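Asker: Order-wise, the sequence lines are chains W, D, R and V.
For the first sequence, the numbering used here assigns the number 1 to the initial residue and increments by one for each residue that follows.
For the second sequence, the numbering used here assigns the number 1 to the initial residue and increments by one for each residue that follows.
For the third sequence, the numbering used here assigns the number 1 to the initial residue and increments by one for each residue that follows.
For the fourth sequence, the numbering used here assigns the number 1 to the initial residue and increments by one for each residue that follows.
Certain hints may be false.
[As the list claims (entries may be wrong)] A short, non-exhaustive set of chain R residues, derived as facing chain W with CB atoms under 8 Å:
| # | residue |
| --- | --- |
| 1 | 144 |
| 2 | 146 |
| 3 | 148 |
| 4 | 149 |
| 5 | 151 |
| 6 | 152 |
| 7 | 153 |
| 8 | 182 |
| 9 | 183 |
| 10 | 193 |
| 11 | 194 |
| 12 | 202 |
| 13 | 207 |
[Unchecked claim] DEER-style ranges, computed between Cβ atoms:
| # | chain 1 | residue 1 | chain 2 | residue 2 | range |
| --- | --- | --- | --- | --- | --- |
| 14 | W | 39 | V | 281 | 21 to 29 Å |
| 15 | V | 182 | R | 23 | 47 to 55 Å |
| 16 | V | 35 | D | 87 | 55 to 63 Å |
| 17 | V | 122 | R | 268 | 32 to 40 Å |
| 18 | W | 202 | R | 348 | 31 to 39 Å |
| 19 | R | 41 | D | 87 | 24 to 32 Å |
| 20 | D | 108 | W | 236 | 36 to 44 Å |
| 21 | W | 236 | V | 67 | 41 to 49 Å |
| 22 | R | 312 | V | 291 | 33 to 41 Å |
| 23 | V | 111 | W | 39 | 53 to 61 Å |
| 24 | W | 90 | V | 281 | 41 to 49 Å |
| 25 | R | 199 | V | 111 | 50 to 58 Å |
Read the hints as simulated data drawn from the structure, not as lab findings.
Please read these numbers as outputs of a predicted model, since none were measured by experiment.
Glycine included, every Cβ here is placed at the ideal spot set by N, Cα and C.
There are 4 protein chains.
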Amino acid sequence: MMKAAVIGASGYAGIEVVRLLLRHPDFELVAAASDSVAGQKLSSVYPALTGMTDLEFVHADFDKIASECDIVFLAVPHTAAMACAPVFIENDVAVIDLSADYRIHDKATYEKWYKADHTSSDLLERAVYGQPEKHRAELVAMGRSWEHGNTATTPLVACAGCYPTASILASMPAFEAGLVDGDYVVINALSGVSGAGKKANERTHFCHAAESAQAYSAGKHRHTPEIEQELSEAAGYPVNVVFTPILTPMKRGLLSMVTLRIKEGVSQEQIESAYAKRYEGEAFVHFLGTEMPQTTSVVGGNHAHVGIAFEPNTRTLIASGAIDNLDKGAASQAVQCANIVCGFAETDGLDFANPTV
Amino acid sequence: MMKAAVIGASGYAGIEVVRLLLRHPDFELVAAASDSVAGQKLSSVYPALTGMTDLEFVHADFDKIASECDIVFLAVPHTAAMACAPVFIENDVAVIDLSADYRIHDKATYEKWYKADHTSSDLLERAVYGQPEKHRAELVAMGRSWEHGNTATTPLVACAGCYPTASILASMPAFEAGLVDGDYVVINALSGVSGAGKKANERTHFCHAAESAQAYSAGKHRHTPEIEQELSEAAGYPVNVVFTPILTPMKRGLLSMVTLRIKEGVSQEQIESAYAKRYEGEAFVHFLGTEMPQTTSVVGGNHAHVGIAFEPNTRTLIASGAIDNLDKGAASQAVQCANIVCGFAETDGLDFANPTV
Amino acid sequence: MMKAAVIGASGYAGIEVVRLLLRHPDFELVAAASDSVAGQKLSSVYPALTGMTDLEFVHADFDKIASECDIVFLAVPHTAAMACAPVFIENDVAVIDLSADYRIHDKATYEKWYKADHTSSDLLERAVYGQPEKHRAELVAMGRSWEHGNTATTPLVACAGCYPTASILASMPAFEAGLVDGDYVVINALSGVSGAGKKANERTHFCHAAESAQAYSAGKHRHTPEIEQELSEAAGYPVNVVFTPILTPMKRGLLSMVTLRIKEGVSQEQIESAYAKRYEGEAFVHFLGTEMPQTTSVVGGNHAHVGIAFEPNTRTLIASGAIDNLDKGAASQAVQCANIVCGFAETDGLDFANPTV
Amino acid sequence: MMKAAVIGASGYAGIEVVRLLLRHPDFELVAAASDSVAGQKLSSVYPALTGMTDLEFVHADFDKIASECDIVFLAVPHTAAMACAPVFIENDVAVIDLSADYRIHDKATYEKWYKADHTSSDLLERAVYGQPEKHRAELVAMGRSWEHGNTATTPLVACAGCYPTASILASMPAFEAGLVDGDYVVINALSGVSGAGKKANERTHFCHAAESAQAYSAGKHRHTPEIEQELSEAAGYPVNVVFTPILTPMKRGLLSMVTLRIKEGVSQEQIESAYAKRYEGEAFVHFLGTEMPQTTSVVGGNHAHVGIAFEPNTRTLIASGAIDNLDKGAASQAVQCANIVCGFAETDGLDFANPTV
């Protein structure tokens with residue numbers, strides 16, 4: 001059993017990491033840190049954990065926690081992660097960072113979009129983008145090197161954001177197979193309200209969010225450069241993404257609708273075949289062919305469903321990816337990354353069936 | 001008071017027409033026809049109407065109803081409308097058709113998308129597309145001619161569909177002002193479940209639809225040719241629309257997200273100015289500038305809210321339009337059209353404030 | 001047109017009063033006061049009012065407002081109402097108070113349940129409990145006396161609370177007809193989240209409230225003494241109420257389930273007859289017999305639906321009342337009371353049909 | 001591994017049993033039977049199971065299935081269960097019946113409430129009521145006897161209904177401790193829409209159920225005799241239950257509000273102590289003291305939360321129990337019963353943490 005800690009454990013993503021670690025066969029949860037509720041039982045703050053654990057939240061004392069664990073999950077806001085990740089890396093504690101701080105390879109791009117100095121940019125090169133279906137090999141390599149005692153590669157995983165995860169999974173096969181015509185991608189993505197975090201505000205008020213749909217940050221959401229980075233890598237050339245998220249009345253669930261043009265002469269069969277092949281053998285990503293995925297089918301776990309439609313007149317591919325924004329979009333994908341860098345089976349602790357209804 | 005009837009009155013759109021007519025200052029509802037519930041009180045089938053009316057649903061006896069009314073609202077499925085509209089037109093009864101049967105000018109296009117012969121194509125030329133903010137002049141002209149006793153122009157209004165209404169309102173100003181670069185428009189639109197109609201089936205089951213988002217008919221929904229027809233007219237050249245609707249867990253409400261490219265050199269100010277000018281003085285369409293519209297602000301009435309975002313790097317305009325799918329997307333827009341062709345004030349019976357929460 | 005003002009106009013109940021006054025035939029809204037959003041347009045804070053009004057929120061300057069209006073609606077928290085009602089009464093401005101401050105006739109009872117001194121208890125005797133179907137005669141008398149220039153009866157209406165309104169309407173006929181055995185009444189009532197107010201907090205967060213049911217203040221909610229007062233009056237003897245509210249995932253709507261024992265020998269027919277007779281001719285309260293009312297049938301307006309079931313074995317009456325918590329439970333009932341004390345038709349401004357779906 | 005089959009596997013309760021068996025350490029799912037979808041993959045009908053299993057639904061051929069399994073779960077409607085249970089019992093296959101057919105000990109009572117002849121009443125005496133926290137000893141004894149080869153005790157478990165489970169758990173400790181005054185119990189219980197089953201009809205239509213609350217079968221729901229039977233047994237004297245369920249806009253979750261009178265002289269501390277003691281050591285039932293339980297805390301798993309409030313003036317106990325109607329109210333409780341009669345650890349396959357948000 002490896003000893004694991006969670007920083008920012010009382011937020012929505014953090015508590016989901018906690019939930020998964022509490023019944024994980026390889027990790028022992030030794031600390032769930034959250035200054036705002038330190039001293040309270042986990043089950044008091046989240047009654048769903050009643051009977052699951054007697055743990056209490058502790059203060060986020062980085063040095064103390066670093067001395068107690070082998071791996072830490074950072075479920076804190078951006079800029080907060082880069083403030084504590086170095087402490088853990090220096091102590092040879094693997095870092096699974098759920099924030100955006102190490103996702104963008106280019107410092108300047110990060111600083112422009114996040115309007116903050118990057119104070120830990122020396123670690124940017126070490127960080128692997130935590131989207132396992134895309135970066136598995138790097139995650140494996142990083143883990144093996146660490147296992148062999150190379151503290152220069154103590155893992156630092158920059159877990160993919162929720163919108164990027166669904167959007168990349170929905171469109172990566174087309175780019176990788178060289179089917180895409182041009183560099184212009186339109187993404188509209190619907191997210192459940194938990195994506196806005198645990199903080200109560202006007203937008204998360206039930207009477208504002210229920211029975212409601214509204215776009216926000218249209219064309220300028222911070223997940224844009226992250227999606228562009230990964231799709232450009234998949235394409236082999238710079239890709240421009242126009243991304244607009246839409247707040248939707250669901251607690252959890254994220255549906256990304258990716259629209260792009262396909263090269264002349266490419267048939268629907270070729271596209272379907274590229275997708276099927278790309279996700280063959282994946283435990284958590286399932287290509288549904290021309291069935292459009294539904295968020296409820298994936299809520300509560302690490303699975304992603306991808307479906308496509310091809311409009312031949314304009315050679316347009318409409319690719320749709322559904323995930324749980326808190327799980328495959330955050331917590332469970334983080335655990336999946338942790339499984340990989342620690343050399344465990346990738347499905348450990350994640351191989352359960354979600355409620356069917 | 002003009003005498004009005006509703007055919008298909010027990011469906012979601014039909015009963016909303018009924019609701020509006022029951023308190024309309026210029027129309028008297030003389031018949032609410034629905035074979036499936038004929039003989040039952042309106043308030044038995046829709047308890048929300050308790051205390052509003054003692055009317056009972058009647059059988060859809062076209063000849064009888066034609067003899068009793070001056071204007072009829074057809075809230076029936078496509079193909080059913082073209083089966084009865086001629087009866088009413090022949091009897092000099094104005095027809096406000098909420099179906100798709102007379103929306104598409106081109107018979108072949110209709111027959112291709114709706115997979116049905118058009119049995120009333122002689123009336124296609126007479127029909128005016130019932131989107132008042134776009135076709136007000138034709139609606140007025142049609143009404144005036146009728147008023148002067150010209151039965152050759154007994155009004156036939158082909159009310160705009162729900163997705164087209166929101167999508168046209170969101171993008172028409174850019175096309176009309178000549179700001180759009182190219183002919184390629186991507187539309188993702190979210191609809192509440194009432195858009196799927198009153199029939200209970202697997203998709204409309206609460207346990208399927210709640211907490212759920214799922215695209216359907218991606219790239220091939222029947223509203224596509226209707227949107228293309230109207231935007232092409234606005235543009236002055238043929239426009240291609242890639243349209244994907246998404247079922248969203250709301251009872252009512254529709255949010256259209258229209259994405260298109262803008263000509264080089266056009267500034268955001270020019271775009272905003274074109275929108276502001278286009279909707280100046282409109283009673284029911286409100287341009288919110290760069291505020292993104294929220295469906296809940298328009299649910300229950302005839303208002304449409306439009307907001308835009310401009311992404312200058314790719315010269316992309318993201319235009320969002322919010323309406324109530326059953327009202328501005330069907331029933332209340334039908335009443336608005338009826339007001340116009342009958343020469344009443346356009347806001348008669350529609351000038352009320354929706355619930356604020 | 002009488003001039004009307006609303007204090008606390010930006011809260012959920014206040015803005016609903018505003019909505020109703022904006023299209024009321026007899027009242028002109030001259031001021032919508034709310035310190036927190038003073039200077040902002042009503043339609044900025046509540047986009048649903050876009051196109052309905054250009055008014056801005058003003059500061060709650062009681063003296064200034066008293067000089068400008070004939071009638072004021074107080075949509076402020078308890079204790080805040082008693083701080084300003086006297087100012088208006090002294091200026092001969094009729095007060096329609098939506099708070100609890102003047103509902104409880106007995107000062108000590110108020111002070112015990114609300115844990116606050118009653119600083120305006122001299123007005124308690126003047127106040128009429130604003131539940132028109134129960135206290136219409138007193139409201140009429142108060143209004144007529146005022147109309148005749150008697151400033152000693154400048155109206156002060158203590159509008160009924162939301163839970164009390166539904167609970168009283170559901171059980172009053174049985175008490176008034178002397179059918180009830182004993183003094184023990186059990187009430188469970190479900191309320192939509194808007195009942196918790198506009199303030200964003202943990203309980204009103206979408207992710208907490210959606211898909212959730214939870215009782216609160218079981219057996220000790222502040223509406224208990226109010227219900228006891230009114231049912232005791234209806235019964236002619238002191239009645240004990242055990243009341244538990246349940247937060248339910250709806251924006252609006254309130255369903256009260258009242259359970260009480262019926263005297264031996266009383267038949268179901270007698271009970272139904274007592275209810276039918278009691279609400280005969282009422283414009284806003286509808287007895288559905290043994291049909292159980294549904295909240296969605298009354299959301300958005302001033303109607304209340306009441307249905308009953310009789311369990312003969314234990315002689316138990318289960319009476320269910322459904323209202324819109326913000327309308328018949330607050331804003332529209334306040335307008336109904338205002339109509340009565342001002343001598344207008346009771347249905348003025350309230351006689352519209354709600355959305356049917 | 002014991003071989004398990006599920007009859008009625010495509011309904012909401014059946015598929016939840018399937019979900020739990022798919023990852024159960026002691027049971028191997030050998031057949032999921034459902035005539036209506038026989039031949040289809042489980043993951044086609046329930047996409048949430050994609051990647052979990054390649055099984056297909058099979059026809060409900062009782063003899064064939066009886067020859068293939070050691071234990072069968074009957075997730076079929078009442079009357080259908082008694083038609084097939086004997087086949088399995090005769091073949092020495094343990095029967096875990098989720099229907100109502102063997103719950104009521106008294107044949108006449110069953111026949112009166114279910115308006116059907118009981119065609120398998122010889123098995124009534126064998127059946128144990130499947131509410132493990134109340135009947136664990138009998139379940140254990142039945143299992144042990146079977147294990148010793150006594151086919152006269154091949155287990156037949158009549159799993160408790162959803163409303164009874166929550167209501168019994170909420171009130172049993174007070175009855176067993178002799179604290180209750182009298183024999184009169186009022187229960188109002190809220191259920192999510194999945195309780196109405198998978199069949200699409202008017203009541204389960206999203207547009208009817210969303211944002212809606214409505215009582216049904218008030219005072220005459222079929223779960224009444226089941227609750228009376230169990231509470232009478234707990235009390236030691238006949239108890240009368242007035243039970244009214246309320247359909248609430250949640251997919252899953254059930255909240256029972258039980259109201260009863262407490263004997264004079266009994267303090268709140270005594271009540272709390274009785275509850276705490278009763279559920280001490282239970283893995284799945286948690287007494288929250290005076291915290292009121294919330295359905296979302298238990299949705300997705302086998303846990304039940306119970307909280308109480310005591311109103312001393314009328315000596316009224318308000319006891320609230322929250323469960324997942326499909327899990328602790330059906331599928332997971334059935335698995336818990338199966339674990340017990342098969343001699344497995346009671347928590348096997350059920351010891352996971354639900355989504356926290």
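Asker: Confirm or reject the claim that residue 202 of chain W and residue 348 of chain R have a C-beta distance inside 31 to 39 Å.
Answerer: holds, 33 Å
Asker: Let's test the interface hint: is any C-beta of chain W closer than 8 Å to that of residue 144 of chain R?
Answerer: violated, 39 Å
Asker: Quick check on the hint: residue 207 of chain R CB to chain W CB, less than 8 Å?
Answerer: holds, 5 Å
Asker: Is the shortest C-beta separation between residue 183 of chain R and chain W less than 8 Å?
Answerer: violated, 36 Å
Asker: Holds or violated: 41 to 49 Å for the Cβ distance of residue 90 of chain W and residue 281 of chain V?
Answerer: 45 Å Cβ-Cβ, so the 41 to 49 Å window holds.
Asker: Should the interface hint for residue 153 of chain R be scored as holding, given a Cβ-Cβ cut-off of 8 Å against chain W?
Answerer: violated, 38 Å
Asker: Quick one, is the residue 152 of chain R hint okay against chain W at 8 Å, beta carbons?
Answerer: Hint violated; residue 152 of chain R Cβ to chain W Cβ min 41 Å, cut 8 Å.
Asker: Holds or violated: is there a CB of chain W closer than 8 Å to the CB of residue 148 of chain R?
Answerer: At 43 Å from the nearest chain W Cβ, residue 148 of chain R fails the 8 Å test, so the hint is violated.
Asker: Under 8 Å, Cβ to Cβ, is where residue 182 of chain R needs to be relative to chain W, so tell me if that hint holds or is violated.
Answerer: Interface hint status for residue 182 of chain R: violated (37 Å vs cutoff 8 Å).
Asker: Taking the CB of residue 108 of chain D and the CB of residue 236 of chain W, does the distance hold inside 36 to 44 Å?
Answerer: holds, 43 Å
Asker: Cβ-Cβ distance between residue 39 of chain W and residue 281 of chain V: within 21 to 29 Å?
Answerer: Distance hint for residue 39 of chain W, residue 281 of chain V holds at roughly 26 Å.
Asker: How about residue 151 of chain R: closest beta carbon in chain W under 8 Å, or not?
Answerer: Violated, about 40 Å.
The earlier numbered hints that this structure contradicts are 1, 2, 3, 4, 5, 6, 7, 8, 9, 16, 19 and 21.
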